[in-house]
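So the sequences go chain by chain: C, P, G and Z.
Heads up: the first sequence at position 240 corresponds to 240 in the numbering used here, and the numbers run straight through without jumps.
Heads up: the second sequence at position 93 corresponds to 93 in the numbering used here, and the numbers run straight through without jumps.
Heads up: the third sequence at position 285 corresponds to 285 in the numbering used here, and the numbers run straight through without jumps.
Heads up: the fourth sequence at position 76 corresponds to 76 in the numbering used here, and the numbers run straight through without jumps.
Heads up, a few of these hints could be off.
Intra- or inter-copy, both count: the list cannot distinguish identical chains.
Derived EDC-like pairs: lysine to aspartate or glutamate, alpha-carbon spacing no greater than 16 angstroms straight-line [claimed, not checked]:
id : residue 1 : residue 2
1  : Lys-7     : Glu-356
2  : Lys-50    : Glu-181
3  : Lys-310   : Glu-266
4  : Lys-113   : Glu-33
5  : Lys-73    : Glu-144
6  : Lys-257   : Asp-158
7  : Lys-320   : Asp-270
8  : Lys-261   : Glu-325
9  : Lys-113   : Asp-71
10 : Lys-192   : Asp-158
11 : Lys-62    : Asp-35
12 : Lys-320   : Glu-266
13 : Lys-261   : Glu-323
14 : Lys-192   : Glu-160
15 : Lys-310   : Glu-262
16 : Lys-276   : Asp-315
17 : Lys-320   : Glu-271
Since the hints were made in silico from the structure, they are not lab data.
4 protein chains.
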Amino acid sequence: MNIWGNKFKVSIFGESHGNGIGVVIDGIPGGIELDMEFIEREMQRRAPGKNNLSTPRSEADKVEILSGFFDGKTTGTPLCGIIRNTNTRSKDYNKSLMRPGHADFTGFMRYGKCHDYRGGGHFSGRITAPLVFAGAVAKNVLREKGVYIGSHIKSICDAEDVGLDLVNIDKELFDAVSAKEFPVINDDCGKKMKDIILKARNEQNSVGGVIECAVLGVPVGIGSPFFGSVESKISSMMFSVPAVKGIEFGKGFEFTKMTGKEANDEFYADENGNVKTYTNNNAGINGGISNGMPIVFSVAVKPTPSIAQKQRTIDLESMKNTEIEIHGRHDPCIVHRAAVVVESGAAIAVLDMILEG
Amino acid sequence: MNIWGNKFKVSIFGESHGNGIGVVIDGIPGGIELDMEFIEREMQRRAPGKNNLSTPRSEADKVEILSGFFDGKTTGTPLCGIIRNTNTRSKDYNKSLMRPGHADFTGFMRYGKCHDYRGGGHFSGRITAPLVFAGAVAKNVLREKGVYIGSHIKSICDAEDVGLDLVNIDKELFDAVSAKEFPVINDDCGKKMKDIILKARNEQNSVGGVIECAVLGVPVGIGSPFFGSVESKISSMMFSVPAVKGIEFGKGFEFTKMTGKEANDEFYADENGNVKTYTNNNAGINGGISNGMPIVFSVAVKPTPSIAQKQRTIDLESMKNTEIEIHGRHDPCIVHRAAVVVESGAAIAVLDMILEG
Amino acid sequence: MNIWGNKFKVSIFGESHGNGIGVVIDGIPGGIELDMEFIEREMQRRAPGKNNLSTPRSEADKVEILSGFFDGKTTGTPLCGIIRNTNTRSKDYNKSLMRPGHADFTGFMRYGKCHDYRGGGHFSGRITAPLVFAGAVAKNVLREKGVYIGSHIKSICDAEDVGLDLVNIDKELFDAVSAKEFPVINDDCGKKMKDIILKARNEQNSVGGVIECAVLGVPVGIGSPFFGSVESKISSMMFSVPAVKGIEFGKGFEFTKMTGKEANDEFYADENGNVKTYTNNNAGINGGISNGMPIVFSVAVKPTPSIAQKQRTIDLESMKNTEIEIHGRHDPCIVHRAAVVVESGAAIAVLDMILEG
Amino acid sequence: MNIWGNKFKVSIFGESHGNGIGVVIDGIPGGIELDMEFIEREMQRRAPGKNNLSTPRSEADKVEILSGFFDGKTTGTPLCGIIRNTNTRSKDYNKSLMRPGHADFTGFMRYGKCHDYRGGGHFSGRITAPLVFAGAVAKNVLREKGVYIGSHIKSICDAEDVGLDLVNIDKELFDAVSAKEFPVINDDCGKKMKDIILKARNEQNSVGGVIECAVLGVPVGIGSPFFGSVESKISSMMFSVPAVKGIEFGKGFEFTKMTGKEANDEFYADENGNVKTYTNNNAGINGGISNGMPIVFSVAVKPTPSIAQKQRTIDLESMKNTEIEIHGRHDPCIVHRAAVVVESGAAIAVLDMILEG
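So that you can see chain C by itself, here it is in the shape it has in the complex:
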């Protein structure tokens, strides 16, 4: 279950404190020139250690490509990219105290005593680094097909950024937002969010938020009933990203307060004979299949579970009720780092559906 996709298959491996992490991508079209600078920039959007909003654990996150790449282009055979773990402090981790909100307990129950518990092991958010690499490769392929993906932080607690207009979204907006250290549309809103994060940090607490992501230029007709809807594919990928606990497409939960008359997106043919909808409440998806309008969705990211405050828990060895204080280097918020992860997941999902034909 560490493999995802039908045509663009990603096979993820690695633990937070092992020798290395990485991904094998099977099914990349051959002859794609990889823009290594772009890929590097994407990796940096996720990388930790850049400011006081994130964990001070600093990792180069340099990807080495072992295969499937020749003369600057993909060959069409599996592309393996690996990342060495360099900055690990395993002594920060205790084997038998189960951190609340983390996968320590469930990981032990599933994998047994030989589970690599250090730093969350295979459950660590660090494993999203190879996902971002695969996503950057997918974006690179999608760009040649005229498909663009971007995102912004929609909210942190009750601080909200301006929302996307579901009908008219400009890809230049994505370039502007993704170049920012803190990816919001309105920097004043961003300032409020950062203050909330720093406050949480000072209180040894953490916060979450909502990321809104859009995919532009998706061809009409991708996604497949009954079980391969665009929503199914994207959500299945999104819930692989640690800390994501909700997703909605277009109007999502707001739909449940609307009438059919308000909710339906009426069709029209524009002057060029392209079929469009006046509104885009359905986020470019009807019956699970893309209709050519932007695909827009939001994901809920819960607060980082690693907090320094004392918490109640159990000691799995003694099976005693006890308390835990989590030290080490942690993120008071991961939402700003997670934006590129969400985009990457969307890129992989959309490319897979396009290649499925």
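Place chains P, G and Z on chain C using the hints.
Okay, now just chains P, G and Z, sitting in the frame of chain C:
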């Protein structure tokens, strides 16, 4: 993409107005006694034509089992169940006018001119009947493992039912709710919801709502990182259900307003040495793996797109902008009929994960 | 594991003595006109009860299409075809005596006591009827792509038919052979084979043989390393056919007596610039990928295990060593009926690879 | 299609002359102590450059484990092993002359101009090195379940080793044979084979042969109808191994000369109440499911296509008919190196079926 699952595989087929619809289930454990009365009751919970809240199209929805069933028990080989379509009025459907909010346009773009457009064809909500059959079989198997699934309507527009207590849910509640014609916990709330639906019906309009579903008795340790999380599997199934546009697990989008301290579910060992959590914000799932607490999630169901009011659309043949009035027999709301569909999808997803081991 | 294929997926169900058997085909291109007469003819090539070379159990093997078919054409959604079992005599079967060479013992061990043992249940050769239906549909699709499939009986015991010329095979030959009641190229050879079969029948014994199958017009470039070679896909399908115990492509086992110089198929460009090989020892496959020459393979079919002679076996209930005499209606040889099954499997495998692109 | 397996999934990557090759194994049970010396020995059985029967290209084939391995044991998460390519001489390879019997032509047609043609690229026999690593890990796991796998060279041209007794096979025999530089049972037969190989080498030619492989201790009941038979799974894996062109199980093609009476393996219960068969013509498999007797199969390996003799071919750039002389370092025979590859493939296939349950 009409096949779902790794161990308990369901393969769905059929169109709204063809000869029949059905499902092949591959991977049912052998020797399971099927409770045909229970299965029949589940089918009836979804079946149309029972009251003025639903479409008057009346279908017997009687399942005939062709294989995999011998002497009252499953044999372990594929079980095929078919349902004949009997009450079809194809003349209600126009081939070239695209109904807003429906899959007419995307279906034509994906499948081409030979697409069976009648009644939504393969996209019809009618195709959820075999899903309910498969779900009832899954529930039957789960019951022997001590796993129970139930749901209620959480809201219709702004009328809300009382919510579930995430920590303490009683399976008897499910029996009570599922026996009701209108599945809510508090019937006064239900009365308000029904009024909203009838009002929409009278205005030739429609409404949606939220369904809350819970799975009790799930063993610790099901679900698999990185891509096979409990949330990924359930959401992938839920977004196959027509009209579902959002899903959240536990606190879901509310998580984004909480701090880590509030969000984390602290562990304790109860008097029997079972590990539990004081709260259950994470809906029984940590790191994508079940922790033994109830799995609770909500899905957003959009208003039925079939409304009799005049709407703008295109004529795909002439590619002219025009208007459409949808006649025929339609549901002013499908939320009450969809509850058992959501439960069925959850049953299939959870059983598949349990069998994956 | 009753589902095969990546793009053209067949999902097989049914038992020899249950209500019915059938297949769901997911992934057929839409808009394909189905030649129902051709499909019916293919079904008849496999059907029993036609002469003294086969079992007298007579089955109409009439397929009813339930879905995915509209106005004489495929719709692109799953096509389900079902066949009723009509001529069953379950009293011929004993539950606890394990028939040698059959799956009685392994079936019980795998599926347990609730296994439908009657007539081999899900293991019965009867389950190849839906496979032939799916294969006929696949052939129908392949024909429009210029791909043709045929076969002949290469040998029964030591009676051999003339072999195919691996380089030059004419599709008219297939039409001629498949129209024969006994599918051989040279009818004198066929006469010898039939005598061997009748002799076995009279001696309450059975015989096997070799079927040689060829696929013409395969586009260059289908099949995928590392694990999706043309040979892997075809062999995986062939070993699903009951009684097949060996397969070889092109020179197959003869290769092991040749030198590289003899074995290599040298390339040339013909007058039209098409790349061809002078010889075709590799059966149109290099590195697991088709090179445009005919794909030719042979399968070994073992003697029918159902023989009336007394055999030693165990009684699974008492776990005593004992003897068995198998009565009922059985085939002294299934090779002539299996030819169309082998072709059908090849059609499904080749079409799946073509659709994978 | 570079991924194989349902529960024990191997994902292969790499090219002969790229940075590295390797494999990700997803689904290894956790807590398995890996015997690194044994794994290293298996790698050496395949490694080139050891004597005059093989290519002088010398590769250390040292595997580095990046993930899924902690404190000497598997963790249950994906295990990635990589091997660096060190001894590459890419100048030996010409881009536009298609080597007969190789995948040059089909590779170009499938992957296009950006295909890494050097040394066969992804088609190279070198890619079997990570397969042997994965196979050694699988054997390590199987050993704990009492399952043992071995093989010997059955023939090179017309020189034959003594065959295995299908009923009684001793695992000690495997240890003895696998420790030999040239894996045969009878060394006199081996001497004849080696002479044939050296003669081919001196004549700038090559030869092939048959490898016979056996799996002992397989539990009763693995393999699944209809499409997951033991034969289907093993053959699908075997035809992924470059140069394999035929496979037969048990009596295989000999079955077609036998009668049912001779072919059927009669059952008996031994003194311990274990069900066995007097003969084992069916190679431990009935109806695609294991019956507990040894699984024995033979594969045909064609002569190495790389020969130094002049051969006719085309120049793909000019599309002219021309000639080619292949220089570089090649194997006059790969059968002795392929034995461990065949065992590895069998180990992966059998373990996958056991884990499928």
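Which earlier hints can't be squared with this structure? Failing hints: none at all.
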